[in-house]
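Protein chains in written order, with the numbering used here: chain A, 19 to 180; chain B, 19 to 180.
There's no promise every hint is true.
Heads up, the list lumps identical chains together, so a pair's fine if it works in one copy or across two of them.
Keeping only pairs whose Cα atoms sit at most 25 Å apart, straight-line, the calculated DSS-like set for lysine-lysine is [to be verified]:
no.: 1; residue 1: K103; residue 2: K179
no.: 2; residue 1: K40; residue 2: K88
no.: 3; residue 1: K179; residue 2: K120
no.: 4; residue 1: K99; residue 2: K179
no.: 5; residue 1: K99; residue 2: K88
no.: 6; residue 1: K99; residue 2: K120
no.: 7; residue 1: K106; residue 2: K29
no.: 8; residue 1: K40; residue 2: K106
Simulated from the structure, these hints should not be mistaken for laboratory data.
2 protein chains.
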Amino acid sequence: MSTHQTERIIKMNLNAWESQNKRFSELIEKLTDAQLLSETAPGRNTGAYLLGHIVAVNDDMLRLLGLRDKFFPEYTEIFIKSPDKSGKTFPSVAELRAAYHKTTNELNAHFNKFSTEEWLSKHTAVSEEDFAKEPMRNKLNVMISRTLHLSNHMGQIIYLKN
Amino acid sequence: MSTHQTERIIKMNLNAWESQNKRFSELIEKLTDAQLLSETAPGRNTGAYLLGHIVAVNDDMLRLLGLRDKFFPEYTEIFIKSPDKSGKTFPSVAELRAAYHKTTNELNAHFNKFSTEEWLSKHTAVSEEDFAKEPMRNKLNVMISRTLHLSNHMGQIIYLKN
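Isolated chain A, as found in the complex (with noise of 0.2 Å):
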């Protein structure tokens, strides 16, 4: 019973991973690239800033759960360490969209083959010291987290529908 219980709830974390995902997926594709490169509000960020932030966010737990190496790494610097409107030169809208869905799918294919052990194993950026001390520094951990993190974009990003 407890085993079922464990396996259903990590399902439901996963189906609202996958949900909010959806959705996303949705509205960048609804969005026209010159909607995306426009700031969701005045002197706000830009989509195009906002999805490049949440590609390197995600691309990044492929590392912080072991599983591979980034596929773009460069984002980093663009999207998490610089500020929008930072000089830097940003991808196009197509190449963005496109690292979105490479990024999501490769996450998603490791996360529905995870068993109950592997998502409650410590993550690639917690010691195993610390991790004896504190457990919920796992791997369905951040993936809970990092749901929160799109869902909070995306009500943002959502600002450029007409």
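Position chain B relative to chain A; hints supplied.
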């Protein structure tokens, strides 16, 4: 081991709810009444509407989880069934902040006492028959969904900050 795993994952989800609410609470305390009465972006929802909307949705969780009647049943008409600028009279910003704290504190008092079985039991909007087929329609799933809802609108209300 599995029992511990289940409890750990529920706690991770509860921590996510609590940390989003802590951030939100700090945000609405920091914003002035005038800021909250402004549009989050030109032509978009005001902070006051979104705050009332969050209270209405979370207050409804009390009913949906079978805990008690809504504290603010009148908010449903103003902040869920009607759009912003409907002409309906809003409570003052001070009342909205107080309503947010009252609802959140009540939810948290219950959440901190819920057993695993209570979290995984059905919410009041699903029949026993449907729940037997769809066991994910449980109380924990409602909280996960409301945490994402809060995060989504918090991304918008944060645009009221200078």
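Do the hints match the structure? See the list:
1. K103 with K179: both (21 Å within a copy, 19 Å between copies)
2. K40 with K88: For K40 and K88, only the intra-copy Cα distance (22 Å) is at most 25 Å; the inter-copy one is 32 Å.
3. K179 with K120: Classified as within; 24 Å inside a copy, 34 Å across copies.
4. K99 with K179: Between copies only: 22 Å across chains, 27 Å inside a chain, cut-off 25 Å.
5. K99 with K88: within (16 Å within a copy, 44 Å between copies)
6. K99 with K120: Close inside one copy (22 Å), not across copies (38 Å); limit 25 Å.
7. K106 with K29: neither (39 Å within a copy, 41 Å between copies)
8. K40 with K106: Neither. Shortest intra-copy (29 Å) and inter-copy (34 Å) distances fail the 25 Å Cα cut-off.
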